[in-house]
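S.K.: The lines below spell out each chain.
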Amino acid sequence: MEGDKLIISLGSGRFALDTKAVAGIIEQEKLPFLPGRSGFVSGIVSFRNEPVTVIDLSGALGDFTETAGAGHKIIILSVKGRLLGIDIGSSQVSFIWDEELKGRTTGEKGLYTSGRIYAAEGPVDIIDWQALFNETTRLLSTEDHA
Amino acid sequence: MDVSKYKALYLQETGEHLSGIETGLLSLEQNPGDSFVLDNLFRHYHSIKGMSASMGYEPMMLLAHAEEDLLDKLRSGALANSEEITTVLLKCLDTMKTLAERVRADEPLDIDVSALLASLKAAAVGQAARMPPAPAAALASGGQGLKLSSVMKVEGRLFDELLATVGDLFMTLSSFKTLTHGSRSVEFKNGVHQLGKTVNSLHDTIIFARMLPLEDLAAGLPRLVRDLAKETGKEVSFTTEGMDISLDRTILEGLGSPLVHIIRNAIDHGIEQTEERKKAGKPLPAVISIKAVTRKDRVVIEVSDDGRGIDRERLKAKAVSRGISAEKVESMADRELLKLICLPGLSTAETVTSISGRGVGMDVVKEAVESFGGSLEIESKRYLGTKIIMEMPRTSSITKALLVETGGEQFLVPISRIEKVIELETKELETGLYEYAGTQIPVVSLAAAFGIKTESRLRRTLIVLDIKGTYGSAGEKILAGLVVDDFSDEIDAYVKPLLPPISKLREASGITVLGDGRPVFLLDVPQIISKTLTGRNP
Amino acid sequence: MPKKVLIADDTEFFRTALRDILLGAGYTVVGEAANGAEALDMAVELKPDLVILDVVMPVKNGLEAAKAISALNLPLKIVMCTSLGYEPIVEEAIRSGASGYIIKPLSEAKVLNTLNSII
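Protein chains in written order, with this note's numbering: chain A, 1 to 146; chain B, 1 to 538; chain C, 1 to 119.
Isolated chain A, as found in the complex (with noise of 0.2 Å):
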């Protein structure tokens, strides 16, 4: 829960990532095809040669409303080797510092998140990507979607 957290505002709320699991953020105005997509998972990209499965982070939370065709603002995410891309759409980011969280933070969990800051501006959720991933993985079995 703790370091720097880097703050995305989407219609639903505002939603909170590591700074450390973030690798880059792209910009992309259309996503390849990725065979067998379902649910929030929404295409595939490439960062620095690898390729990236992407999800919808509206989606993945519930609220699957289209988003208008802004192009695709996708925060690459990477742990211990693995790669998600997470498609934000046009919304924007910020950050929060570590120091400013102190005593801010609490471990209300939802479906794919684990904490809640209660910044200044209002709460901010912390996405809980390992659970994302699984999800993801499991929407991408065969088994799930044949």
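What the hints contain is simulated information worked out from the structure, not anything from laboratory work. Careful, some of the hints might be misleading.
Below 20 Å or equal to it, Euclidean Cα-Cα: the simulated DMTMM-like pairs (lysine to aspartate or glutamate) are [unchecked claim]: (1) LYS5/B / ASP20/C; (2) LYS339/B / GLU302/B; (3) LYS73/A / ASP516/B; (4) LYS77/C / GLU38/C; (5) LYS177/B / GLU29/A; (6) LYS381/B / ASP311/B; (7) LYS30/A / ASP516/B; (8) LYS177/B / GLU27/A; (9) LYS387/B / ASP311/B; (10) LYS453/B / GLU29/A; (11) LYS400/B / GLU419/B; (12) LYS5/B / GLU12/C; (13) LYS30/A / GLU405/B; (14) LYS504/B / GLU135/A; (15) LYS121/B / GLU58/B; (16) LYS7/B / GLU108/C; (17) LYS110/C / ASP2/B; (18) LYS7/B / ASP20/C; (19) LYS67/C / GLU87/C; (20) LYS496/B / GLU507/B.
Given the structure is predicted, the values throughout are model-derived calculations rather than measurements.
Assemble the complex: chain A is given as a structure, and chains B and C must be docked to it using the hints.
M.R.: Showing chains B and C alone in chain A's frame:
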């Protein structure tokens, strides 16, 4: 003069000369007076002498010098060649290999070569050579597997990193390319074009740096055959063909012990004793041959012997004694029956020998070949011989593939599966069947299989594919057609395995990132087609 | 004007060593041949001022190449290069038109002294 910077070059060229010497000495055994071979041998020794003297590698220089003198006498006819001389030279060769290894490892060259020098000198004045024990033989004959020349001692990881760096270069390049569209500077455009060509060639170089010729592996085989033949008292000659074909180093290395196993089995169990061959009216010496040919982006390696072949009846009996039902064994096609020799511990030979034990290793051979994505076939004619056929990919990562497009999305189709690419009017493809080479083949639209929207168009591309399960196994092809919008280039794709979360995708067998950063899947065509067809006819 | 040199040796090892020595001393290496026949072709084509010929080479040896090149009367000098034990061949090459010789193992001093003495 600082000679240390020439060490790598020294090792490389000395290694080539040592292989040349090995080949030459073995061919002298067949034809002891061959002046062409004697001339070449002389030059090999001469070159090693000169280089070793310059580098200050004294024991190597002394050996090469004495050998050069001996060869000079042989090639000028002042001395007649004999089996003893060849044997001394082979002993010396082992020591020279050891010396070269020590040079490589920066170890002291404190090997006493005086006994070898004495026998070379004795041989040069026509005295029977005394055979000193070779100190630390480089190749334990008939012992371990084969050794590759190790000019390239680079960890595979380094190549992966190099490739990743080139990938970054490609990305940078593509942003430059975008900039050139808005630029009027011809110099800039030319510069970016040139940069692109350079990055491409760097990429190719890295990929092909991993390739080594089969020769590197096969160079040790004549010696193996010679030693095994001597040990069993059989007369065997050895031929090779197509050894210039190169394979990824990892695959080549993986072929080493299968080849040794196959050759051991052939000499030990396949090839008959001289008397038996004479009685049967078979030619002497017996022949073991290795032949390699490329088939699309794969290589087929056949190891044949003209020995006694596999005894089916005995094989059946063994299989039954190991718990396979007699009924099943009797109903097996010959091809399947022969594959039984790949079952662990199943051998047709009655005697256990020191060389190959109980028909050792056909199970190991099969496993090794399959672990590289290869396949194994066995052909055998009773009393005439056995042929082991291995079909292997030539690279672990590069796949020749056709770039296809459908609904604006790009995919790769492996060339090894493609029979034909046909451009047709869309209406010819509406029935789901297409007449190809006299038969109706099922046709599947990639767009429909993937649920990709495509614009209506008059013409589309039909790719006729062989979707048979195991690549390369004998038997009929199974043809089917895949419809895409269009196709473009055939590329050498550096295919990466699918990692989580996409590791369980069945529609694709790998993924590659194109030069411009686009990720493209290598389609698992048999999966896509059979899945769609199953859905069509439940 | 730097002198143009053609190197002929069947080992890359000696070609590289010679090239390094020559380049270090301000010579231009216009070509490298791996056998006597190539050396002959390149001597005609590249018009070097100097040809360094190894004695033991495949296809056409250094002596044969030296004789053939001399016979063409090109404006160039020939230097033989070999290891000990080939003195008779070197002498024959010098009778046929070679201007000097270098005995291997190579050293910078040996090579440059020989070349300086004949150019």
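S.K.: If you draw a straight line from the CA of LYS110/C to the CA of ASP2/B, is it 20 Å or shorter?
M.R.: 14 Å, holds
S.K.: Is the hinted pair LYS30/A and ASP516/B satisfied, with a Cα-Cα distance of at most 20 Å?
M.R.: Distance of about 14 Å is within 20 Å: holds.
S.K.: Compare the distance between the alpha carbons of LYS504/B and GLU135/A with 20 Å, and conclude whether the hinted pair is satisfied.
M.R.: It holds: about 13 Å lies between the C-alpha atoms, which stays within 20 Å.
S.K.: Are the Cα atoms of LYS77/C and GLU38/C separated by 20 Å or less?
M.R.: With a Cα-Cα distance of about 17 Å, the restraint between LYS77/C and GLU38/C holds, given a limit of 20 Å.
S.K.: Could you grab the alpha-carbon distance between LYS30/A and GLU405/B and see if it respects the 20 Å cut-off?
M.R.: Given that 20 Å is the threshold and the Cα spacing comes to 15 Å, the pair holds.
S.K.: Run the distance test for LYS453/B versus GLU29/A: straight-line Cα separation, threshold 20 Å.
M.R.: 18 Å, holds
S.K.: With the threshold set at 20 Å, check whether the alpha-carbon distance from LYS73/A to ASP516/B stays at or below it.
M.R.: 19 Å, holds
S.K.: Measure nothing beyond the straight line between the CA atoms of LYS177/B and GLU29/A; if it is 20 Å or shorter, mark the hint as holding.
M.R.: 17 Å, holds
S.K.: With the threshold set at 20 Å, check whether the alpha-carbon distance from LYS121/B to GLU58/B stays at or below it.
M.R.: With a Cα-Cα distance of about 17 Å, the restraint between LYS121/B and GLU58/B holds, given a limit of 20 Å.
S.K.: Can you confirm whether the C-alpha distance between LYS7/B and ASP20/C stays at or below 20 Å?
M.R.: Judged against 20 Å, a Cα distance of about 14 Å means the pair holds.
S.K.: Quick one, are LYS5/B and GLU12/C close enough, alpha carbons at most 20 Å?
M.R.: The hint holds at about 13 Å.
S.K.: Hint check: LYS400/B vs GLU419/B, CA-CA at most 20 Å. Holds or violated?
M.R.: Within the cut-off at roughly 14 Å; holds.
When each numbered hint is compared with the structure, no violation occurs for any of them.
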